[in-house]
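Peer 1: So for the sequence shown, the numbering used here puts the first residue at 2; every next one is plus one.
Fair warning: there could be bad hints in the mix.
Within a straight-line C-alpha distance of at most 27 Å, the following computed DSS-like cross-link-like pairs (lysine-lysine) qualify [unchecked claim]:
#	residue 1	residue 2
1	K144	K68
2	K135	K13
3	K149	K135
4	K140	K160
5	K17	K160
6	K17	K157
If you anchor each label on the Cβ, the simulated ranges turn out as follows [what the hints assert, rightly or not]:
#	residue 1	residue 2	range
7	K68	I230	22 to 28 Å
8	H114	G38	21 to 27 Å
9	K63	K160	20 to 26 Å
Honestly, the hints are just simulated from the structure, not real lab data. All C-beta atoms, glycine included, are put in the ideal place defined by N, C-alpha and C.
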Amino acid sequence: MEQVSQVVNYIKTNFKRNLSLLNFVDENPVYSAERVGNSVIVRGISDYPWVYLDSENESELKQLLPKLKPEDNYFAAVQDWIIPHLLKVKRKHWDIRTYQYYLPMDARIPDVHGEVLPLQISDIDTVYEHVAYKMALTKNYIKERIMKGYTACIRKEGKLVAWILTHDDGAIGCLSVLDGYRNQGLGTNVCTRLISKIRNAGKLPFLYLGYENKDSETFFLNLGFKKTIPVNWLYLR
2 MEQVSQVVNY
12 IKTNFKRNLS
22 LLNFVDENPV
32 YSAERVGNSV
42 IVRGISDYPW
52 VYLDSENESE
62 LKQLLPKLKP
72 EDNYFAAVQD
82 WIIPHLLKVK
92 RKHWDIRTYQ
102 YYLPMDARIP
112 DVHGEVLPLQ
122 ISDIDTVYEH
132 VAYKMALTKN
142 YIKERIMKGY
152 TACIRKEGKL
162 VAWILTHDDG
172 AIGCLSVLDG
182 YRNQGLGTNV
192 CTRLISKIRN
202 AGKLPFLYLG
212 YENKDSETFF
222 LNLGFKKTIP
232 VNWLYLR
(Lines of atoms letter the chains of each structure in order from A and count residues from 1; the text may use other names and numbers.)
(Lines give C-alpha, C1' and ligand atoms only; values in the text may rest on other atoms or scores of the structure.)
Protein backbone atom coordinates (compact mmCIF):
# COMPACT_ATOMS: atom_id res chain seq x y z
CA MET A 1 0.00 0.00 0.00
CA GLU A 2 1.34 3.43 -0.93
CA GLN A 3 1.51 6.27 1.54
CA VAL A 4 -1.55 8.53 1.45
CA SER A 5 0.65 11.52 0.60
CA GLN A 6 2.08 9.73 -2.44
CA VAL A 7 -1.37 8.93 -3.80
CA VAL A 8 -2.60 12.48 -3.15
CA ASN A 9 0.40 13.94 -4.97
CA TYR A 10 -0.34 11.66 -7.89
CA ILE A 11 -4.03 12.61 -8.23
CA LYS A 12 -3.07 16.28 -8.35
CA THR A 13 -1.92 15.60 -11.91
CA ASN A 14 -5.61 15.55 -12.91
CA PHE A 15 -6.73 18.42 -10.74
CA LYS A 16 -10.12 19.34 -12.19
CA ARG A 17 -11.38 15.75 -12.41
CA ASN A 18 -10.41 15.21 -8.77
CA LEU A 19 -11.63 18.47 -7.23
CA SER A 20 -13.87 16.67 -4.75
CA LEU A 21 -11.22 14.14 -3.73
CA LEU A 22 -8.40 16.66 -3.32
CA ASN A 23 -10.52 19.01 -1.21
CA PHE A 24 -11.89 16.11 0.83
CA VAL A 25 -8.33 15.01 1.65
CA ASP A 26 -7.49 18.56 2.75
CA GLU A 27 -10.45 18.81 5.13
CA ASN A 28 -10.98 15.29 6.51
CA PRO A 29 -9.02 12.38 8.02
CA VAL A 30 -7.88 9.91 5.35
CA TYR A 31 -6.96 6.44 6.58
CA SER A 32 -6.33 4.41 3.41
CA ALA A 33 -5.03 5.04 -0.11
CA GLU A 34 -3.96 2.58 -2.78
CA ARG A 35 -2.92 2.86 -6.41
CA VAL A 36 -2.87 0.47 -9.34
CA GLY A 37 -1.14 2.11 -12.29
CA ASN A 38 -3.01 5.38 -12.86
CA SER A 39 -6.05 4.35 -10.79
CA VAL A 40 -6.60 5.04 -7.09
CA ILE A 41 -8.85 4.18 -4.18
CA VAL A 42 -8.94 6.57 -1.19
CA ARG A 43 -10.89 6.16 2.05
CA GLY A 44 -11.66 8.94 4.52
CA ILE A 45 -14.09 9.97 7.24
CA SER A 46 -16.49 12.91 7.44
CA ASP A 47 -20.16 12.33 8.28
CA TYR A 48 -19.79 8.84 6.80
CA PRO A 49 -16.75 6.75 5.81
CA TRP A 50 -16.43 7.76 2.15
CA VAL A 51 -14.64 5.88 -0.62
CA TYR A 52 -13.23 7.61 -3.69
CA LEU A 53 -12.39 5.62 -6.83
CA ASP A 54 -10.59 7.38 -9.65
CA SER A 55 -9.69 5.54 -12.82
CA GLU A 56 -9.64 5.90 -16.59
CA ASN A 57 -8.56 2.32 -17.26
CA GLU A 58 -10.91 -0.67 -17.07
CA SER A 59 -8.13 -3.19 -16.47
CA GLU A 60 -6.73 -1.19 -13.55
CA LEU A 61 -10.20 -0.66 -12.11
CA LYS A 62 -10.80 -4.41 -12.12
CA GLN A 63 -7.62 -4.82 -10.09
CA LEU A 64 -8.83 -2.22 -7.57
CA LEU A 65 -12.33 -3.61 -7.05
CA PRO A 66 -11.21 -6.74 -5.12
CA LYS A 67 -9.62 -4.36 -2.61
CA LEU A 68 -13.07 -3.09 -1.60
CA LYS A 69 -14.21 -4.14 1.86
CA PRO A 70 -17.70 -5.07 3.14
CA GLU A 71 -17.81 -1.81 5.10
CA ASP A 72 -17.11 0.26 1.96
CA ASN A 73 -20.67 1.51 1.42
CA TYR A 74 -20.52 5.24 0.67
CA PHE A 75 -18.90 6.21 -2.64
CA ALA A 76 -18.16 9.81 -3.63
CA ALA A 77 -17.67 11.51 -7.01
CA VAL A 78 -17.92 8.28 -9.01
CA GLN A 79 -17.65 8.55 -12.79
CA ASP A 80 -20.55 7.12 -14.81
CA TRP A 81 -18.53 4.35 -16.47
CA ILE A 82 -17.34 2.97 -13.12
CA ILE A 83 -20.85 2.38 -11.74
CA PRO A 84 -21.66 -0.82 -13.72
CA HIS A 85 -18.42 -2.34 -12.43
CA LEU A 86 -19.28 -1.42 -8.83
CA LEU A 87 -22.75 -2.93 -9.20
CA LYS A 88 -21.17 -6.28 -10.04
CA VAL A 89 -19.79 -6.49 -6.51
CA LYS A 90 -22.27 -4.41 -4.49
CA ARG A 91 -25.99 -3.59 -4.52
CA LYS A 92 -27.27 -0.01 -4.89
CA HIS A 93 -29.50 1.48 -2.19
CA TRP A 94 -29.50 5.06 -3.44
CA ASP A 95 -27.62 7.34 -5.78
CA ILE A 96 -27.33 11.06 -6.47
CA ARG A 97 -26.50 11.87 -10.09
CA THR A 98 -24.85 15.22 -10.70
CA TYR A 99 -22.72 17.32 -13.00
CA GLN A 100 -19.60 19.11 -11.80
CA TYR A 101 -19.19 22.86 -12.38
CA TYR A 102 -16.22 25.09 -11.58
CA LEU A 103 -15.57 28.83 -11.68
CA PRO A 104 -12.33 29.89 -13.41
CA MET A 105 -10.11 31.92 -11.12
CA ASP A 106 -10.13 34.83 -13.58
CA ALA A 107 -13.93 34.95 -13.90
CA ARG A 108 -15.33 38.23 -12.58
CA ILE A 109 -18.14 38.03 -10.04
CA PRO A 110 -20.71 40.67 -9.02
CA ASP A 111 -20.13 42.96 -6.06
CA VAL A 112 -21.87 42.09 -2.81
CA HIS A 113 -24.69 44.45 -1.82
CA GLY A 114 -25.99 44.67 1.73
CA GLU A 115 -24.99 42.76 4.83
CA VAL A 116 -23.91 39.13 4.33
CA LEU A 117 -22.98 37.17 7.46
CA PRO A 118 -21.84 33.63 8.35
CA LEU A 119 -24.39 31.01 9.36
CA GLN A 120 -24.82 30.28 13.07
CA ILE A 121 -25.31 26.99 14.93
CA SER A 122 -28.87 28.13 15.69
CA ASP A 123 -29.58 27.98 11.93
CA ILE A 124 -29.15 24.19 11.69
CA ASP A 125 -32.86 23.30 11.72
CA THR A 126 -33.77 25.87 9.07
CA VAL A 127 -30.93 24.84 6.77
CA TYR A 128 -31.68 21.14 7.17
CA GLU A 129 -35.40 21.67 6.49
CA HIS A 130 -34.50 22.84 2.98
CA VAL A 131 -31.85 20.20 2.20
CA ALA A 132 -32.66 18.36 -1.03
CA TYR A 133 -30.86 15.06 -0.27
CA LYS A 134 -31.78 14.16 3.30
CA MET A 135 -30.77 10.51 2.78
CA ALA A 136 -27.17 11.71 2.39
CA LEU A 137 -27.03 14.60 4.88
CA THR A 138 -27.75 14.86 8.61
CA LYS A 139 -28.27 17.72 11.05
CA ASN A 140 -24.92 16.89 12.62
CA TYR A 141 -23.33 17.22 9.17
CA ILE A 142 -24.88 20.69 8.77
CA LYS A 143 -23.51 21.61 12.20
CA GLU A 144 -20.03 20.48 11.16
CA ARG A 145 -20.19 22.49 7.96
CA ILE A 146 -21.27 25.64 9.80
CA MET A 147 -18.43 25.17 12.29
CA LYS A 148 -15.67 24.13 9.87
CA GLY A 149 -16.60 25.25 6.36
CA TYR A 150 -17.32 28.53 4.61
CA THR A 151 -20.86 29.89 4.92
CA ALA A 152 -22.79 33.01 3.98
CA CYS A 153 -26.32 34.14 4.79
CA ILE A 154 -28.71 37.08 4.76
CA ARG A 155 -31.22 37.92 7.49
CA LYS A 156 -34.23 40.18 7.24
CA GLU A 157 -35.51 41.52 10.56
CA GLY A 158 -33.65 38.70 12.29
CA LYS A 159 -35.08 35.97 10.05
CA LEU A 160 -32.76 33.72 8.02
CA VAL A 161 -33.92 34.14 4.41
CA ALA A 162 -30.96 33.16 2.19
CA TRP A 163 -27.89 30.99 2.74
CA ILE A 164 -25.16 28.86 1.23
CA LEU A 165 -22.25 26.74 2.53
CA THR A 166 -19.39 24.49 1.51
CA HIS A 167 -19.56 20.71 1.80
CA ASP A 168 -16.97 18.39 3.35
CA ASP A 169 -15.16 18.23 0.00
CA GLY A 170 -15.13 22.02 -0.44
CA ALA A 171 -17.97 22.03 -2.97
CA ILE A 172 -20.47 24.88 -2.85
CA GLY A 173 -23.93 23.69 -1.86
CA CYS A 174 -27.26 24.07 -0.06
CA LEU A 175 -28.05 27.40 -1.73
CA SER A 176 -31.53 28.42 -0.60
CA VAL A 177 -33.65 31.56 -0.72
CA LEU A 178 -37.01 31.46 1.03
CA ASP A 179 -40.24 32.07 -0.84
CA GLY A 180 -41.15 35.72 -0.68
CA TYR A 181 -37.51 36.80 -0.85
CA ARG A 182 -36.60 35.57 -4.31
CA ASN A 183 -35.75 37.69 -7.35
CA GLN A 184 -34.09 40.26 -5.08
CA GLY A 185 -30.48 39.27 -5.76
CA LEU A 186 -30.08 37.58 -2.37
CA GLY A 187 -28.89 34.29 -3.88
CA THR A 188 -26.29 36.15 -5.91
CA ASN A 189 -25.10 38.04 -2.83
CA VAL A 190 -24.57 34.98 -0.62
CA CYS A 191 -22.99 33.03 -3.47
CA THR A 192 -20.63 35.88 -4.36
CA ARG A 193 -19.53 36.24 -0.74
CA LEU A 194 -18.85 32.50 -0.50
CA ILE A 195 -16.88 32.50 -3.76
CA SER A 196 -14.71 35.33 -2.43
CA LYS A 197 -13.97 33.34 0.75
CA ILE A 198 -13.01 30.27 -1.27
CA ARG A 199 -10.77 32.25 -3.61
CA ASN A 200 -9.12 34.08 -0.72
CA ALA A 201 -8.14 30.65 0.61
CA GLY A 202 -6.41 29.93 -2.71
CA LYS A 203 -8.98 27.35 -3.80
CA LEU A 204 -11.02 26.91 -6.97
CA PRO A 205 -14.79 27.36 -6.47
CA PHE A 206 -16.74 24.33 -7.67
CA LEU A 207 -20.06 22.59 -7.09
CA TYR A 208 -22.30 19.70 -8.08
CA LEU A 209 -25.89 19.97 -9.30
CA GLY A 210 -28.43 17.22 -9.82
CA TYR A 211 -29.41 16.51 -13.41
CA GLU A 212 -32.92 17.85 -12.79
CA ASN A 213 -31.82 21.11 -11.14
CA LYS A 214 -32.13 23.31 -14.22
CA ASP A 215 -32.93 26.55 -12.37
CA SER A 216 -29.75 26.32 -10.30
CA GLU A 217 -27.76 25.36 -13.38
CA THR A 218 -28.92 28.51 -15.17
CA PHE A 219 -28.08 30.60 -12.09
CA PHE A 220 -24.52 29.29 -11.76
CA LEU A 221 -23.80 29.33 -15.50
CA ASN A 222 -24.82 33.00 -15.50
CA LEU A 223 -22.27 33.59 -12.72
CA GLY A 224 -19.56 32.16 -14.99
CA PHE A 225 -19.33 28.54 -13.83
CA LYS A 226 -18.27 25.96 -16.42
CA LYS A 227 -20.00 22.58 -16.72
CA THR A 228 -17.57 19.66 -16.86
CA ILE A 229 -18.19 15.99 -16.05
CA PRO A 230 -21.02 13.84 -14.64
CA VAL A 231 -20.25 12.33 -11.23
CA ASN A 232 -22.31 10.35 -8.74
CA TRP A 233 -22.70 9.75 -5.01
CA LEU A 234 -23.74 6.21 -4.12
CA TYR A 235 -24.77 4.14 -1.14
CA LEU A 236 -24.00 0.49 -1.90
CA ARG A 237 -24.13 -2.67 0.22
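Peer 1: Now tell me, hint by hint, if it's right for this structure.
Peer 2: Hints and how they fare:
Distance restraint check for K144 and K68: the Cα-Cα separation of roughly 33 Å exceeds the 27 Å cut-off, and the hinted pair is therefore not satisfied. This hinted pair does not check out: K135 and K13 have alpha carbons roughly 31 Å apart, beyond 27 Å. For the proposed pair K149 and K135, the alpha carbon gap of about 20 Å is at most 27 Å, so the pair holds. Straight-line distance between C-alpha atoms of K140 and K160 comes to about 20 Å, which keeps the hinted pair within the 27 Å bound.
Between K17 and K160 the alpha-carbon distance is near 37 Å, which puts this suggested pair outside the 27 Å criterion. Straight-line distance between C-alpha atoms of K17 and K157 comes to about 37 Å, which puts the hinted pair past the 27 Å bound. The beta-carbon spacing between K68 and I230, approximately 24 Å, falls within the hinted interval of 22 to 28 Å. Between H114 and G38 the C-beta distance comes to about 51 Å, which lies outside the given range of 21 to 27 Å.
Separated by about 54 Å at the C-beta atoms, K63 and K160 break the suggested range of 20 to 26 Å.
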